[in-house]
Amino acid sequence: MEPAEAEFLAEKELVTIVPSFSMDRVHLIGGDLGPFNPGLPVEVPVWLAVNLKQRQKCRLVPPAWMDVEKLEEIRDQERKEDTFTPMPSPYYMELTKLLLNYASDNIPKADEIRTLVKDTWDTRMAKLRLSADSFVRQQEAHAKLDNLTLMEINTIGTFLTQALDHMYKLRTNLQPAESSQSQDF
Amino acid sequence: MWYRASVTDRRRHCGTEAAAPGSAADCSGLPQRACAAVPGAAGASAAPPPALPAMAEAYFPVGPGLGSEENFLSLDDILMSQEKLPGRAESSLPRLAFALGQGAAGGSGDSIPEGSKLEIPMWLAKGLHDSKRRIISVELPKIYKEAWRTVFSADANVVDLHKMGPYYYGFGSQLLNFDNPENPEIAQTILQTFISRFRRIMDSSQNAYNEDTSMLVARLDELERALFRAGQKGLNDFQCWEKGQASQITVSSLVQNYGKRKFTDMDG
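Quick mapping for you: the protein sequence lines, in order, are chains R and Z. Note that full-length UniProt numbering gives residue 37 to position 37 of the first sequence, counting from 1, and the numbers run on in steps of one. Note that full-length UniProt numbering gives residue 222 to position 222 of the second sequence, counting from 1, and the numbers run on in steps of one.
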């Protein structure tokens, strides 16, 4: 899966906007949107929010976790713990990128937020690599990691699965070869 | 769940079909909806869509076999089986001095005497080896012998595996085909070497962005280099997405060279 695909999935998350137009309730296949009244906040999916913002029809309200103090807490807790802490949103990386790219004027202290999220990301990736290494070293069969997000899995996924494939094949060398050979057609 | 087709937001390849049914027009103030919602569990974020067929690459290489059987179609395996093994002739081989002997006395047409040392490529060794061992007997190359095995178990990270035969793991796996009392130790050593070097490959490939990586891959063998490239790709894709380049339309590698071809006298 590419990062762009993970971003596509992230755009289903809901975010609050304050529209500057009015419209009745819209019935879509997946659900209802609206009604939109100027000045009244409403919850919409991110894809719509970004689109409206680009057409300057709304103002984005940053999600509750996108705040400097909260992110500092999250970052510090991530650094303290050995395991992964639950993230405020399973798509925190994608939402940060989308909201800060398109709506940075609506979000106070955007640069600090970007830095804090990047720090948290780096810490989590380092933990992920550490646990991948100990997984390989002990030649375990299963591992369970809680609270990982899709983007993190994506970035390390191809490498890890290929390495584990190779390790598996090398491990089958340890068993003495079976004498019967079979051909598959 | 909502499905939305966005024309500009996905990377398009000029040479392939557009992936999403179109949706651009925007008269009522909302983009048109395309295709039906996917019925699914409420926790939709846990179920990614099936990966798009990767038409971005023109060539899907067949990977090396590893393990006791090689992959017939794999280029890596073909190159690996060209590596030479030391061995000796068990019986005299008539008229093969020109092919196999090094510096054997006499010109072509002479036979290789029994017991003389030979260096034969792996594919030939596998073919000529049989359980009665009439023709060829093989010895282990020095890197799989006891002395080097202790070096690997001490610290595998310092060894230059590229110099020691660029196909350490593949060749070692093929060596297990020949009966040899040291086979279990060889197999164990190969596995442990891989495990110890894994950490360094992972760290270097996932952290070296936009750098010259020749120093990092210089000491890796071919299998590890392929892994390194996979790690780099993951990193590069992520960085490229973060910079926003993932949504720019770029020319597909499949068609990039079309304009460079010169049309010769085809048109008469």
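Careful: at least some of the hints might be erroneous.
As the list claims (entries may be wrong) - Here are the simulated DSSO-like pairs of lysine-lysine, each with C-alpha atoms no more than 27 Å apart in a straight line:
no.	chain 1	residue 1	chain 2	residue 2
1	R	Lys109	R	Lys12
2	Z	Lys233	R	Lys127
3	Z	Lys126	R	Lys127
4	R	Lys80	R	Lys70
5	Z	Lys132	R	Lys118
6	R	Lys118	Z	Lys243
7	Z	Lys243	R	Lys109
8	R	Lys169	Z	Lys233
9	Z	Lys142	Z	Lys132
10	Z	Lys84	Z	Lys126
11	Z	Lys117	R	Lys169
12	R	Lys70	Z	Lys243
13	Z	Lys84	Z	Lys132
14	Z	Lys243	R	Lys12
15	Z	Lys126	R	Lys169
16	Z	Lys132	Z	Lys145
17	Z	Lys132	Z	Lys163
What the hints assert, rightly or not - Pairwise CB distance ranges, derived in the manner of DEER restraints:
no.	chain 1	residue 1	chain 2	residue 2	range
18	Z	Ser91	R	Asp165	18 to 28 Å
19	Z	Asn236	R	Val42	54 to 64 Å
20	R	Lys70	Z	Ile249	36 to 46 Å
21	Z	Lys117	R	Leu145	27 to 37 Å
22	R	Lys80	Z	Asn157	25 to 35 Å
23	Z	Ile249	R	Gly34	45 to 55 Å
24	Z	Ser153	R	Pro108	55 to 65 Å
25	Z	Gly244	R	Arg79	26 to 36 Å
It should be emphasised that the hints constitute simulated quantities derived from the structure, not laboratory data. For each residue, glycine too, the CB sits at the ideal point set by N, CA and C.
Here is how each hint holds up against the structure:
Taking the CA atoms of R:Lys109 and R:Lys12, the gap is near 25 Å; set against the 27 Å cutoff, the hint holds. Between Z:Lys233 and R:Lys127 the alpha-carbon distance is near 20 Å, which keeps this suggested pair within the 27 Å criterion. Only pairs whose Cα atoms come within 27 Å are accepted, and Z:Lys126 paired with R:Lys127 is rejected, the gap being roughly 45 Å. Using a Cα cut-off of 27 Å, the hinted pair R:Lys80 and R:Lys70 holds, with the two alpha carbons roughly 15 Å apart.
The straight-line distance between the Cα atoms of Z:Lys132 and R:Lys118 is roughly 64 Å, outside the 27 Å bound, and the hint therefore fails. Taking the CA atoms of R:Lys118 and Z:Lys243, the gap is about 13 Å. The hint holds against a cut of 27 Å. A C-alpha spacing of about 20 Å is found between Z:Lys243 and R:Lys109, which places the hinted pair at or below 27 Å, so the restraint holds. Our distance criterion of 27 Å between C-alpha atoms is met by R:Lys169 and Z:Lys233, whose separation comes to about 23 Å.
Restraint check: the Cα-Cα separation between Z:Lys142 and Z:Lys132 comes to about 25 Å, which is no more than 27 Å; the hinted pair holds. This hinted pair checks out: Z:Lys84 and Z:Lys126 have alpha carbons roughly 11 Å apart, not beyond 27 Å. Restraint check for Z:Lys117 and R:Lys169: not satisfied, since their Cα atoms lie roughly 32 Å apart, outside the 27 Å limit. Restraint check for R:Lys70 and Z:Lys243: satisfied, since their Cα atoms lie roughly 25 Å apart, inside the 27 Å limit.
As the CA atoms of Z:Lys84 and Z:Lys132 are separated by approximately 22 Å, the hinted pair is consistent with the 27 Å bound. Annotation: proposed proximity of Z:Lys243 to R:Lys12 holds, straight-line Cα distance about 21 Å (limit 27 Å). Proposed proximity of Z:Lys126 and R:Lys169 is supported: the alpha carbons are some 20 Å apart, at most 27 Å. Straight-line distance between C-alpha atoms of Z:Lys132 and Z:Lys145 comes to about 24 Å, which keeps the hinted pair within the 27 Å bound.
Between Z:Lys132 and Z:Lys163, the direct Cα distance comes to roughly 34 Å. Violation of the 27 Å bound is thereby established for this hinted pair. Z:Ser91 and R:Asp165 have their C-beta atoms about 41 Å apart, which leaves the hinted 18 to 28 Å range violated. A hinted range of 54 to 64 Å is violated for the C-beta pair Z:Asn236 and R:Val42, which are about 39 Å apart. In this structure, R:Lys70 and Z:Ile249 meet the distance hint of 36 to 46 Å, their C-beta atoms being roughly 37 Å apart.
For the hinted restraint 27 to 37 Å between Z:Lys117 and R:Leu145, the CB-CB distance of approximately 53 Å leaves it violated. Under the hint 25 to 35 Å, the C-beta atoms of R:Lys80 and Z:Asn157, about 30 Å apart, fit the expected range. For Z:Ile249 and R:Gly34, the Cβ-Cβ distance of about 32 Å falls outside the hinted range of 45 to 55 Å, so the restraint is violated. Distance hint check for Z:Ser153 and R:Pro108: the Cβ-Cβ separation is about 57 Å, which falls inside the suggested range of 55 to 65 Å.
Roughly 28 Å separates the CB atoms of Z:Gly244 and R:Arg79, a value that falls within the hinted 26 to 36 Å.
Checked against the numbered hints listed earlier, the structure breaks hints 3, 5, 11, 17, 18, 19, 21 and 23; every other hint is satisfied.
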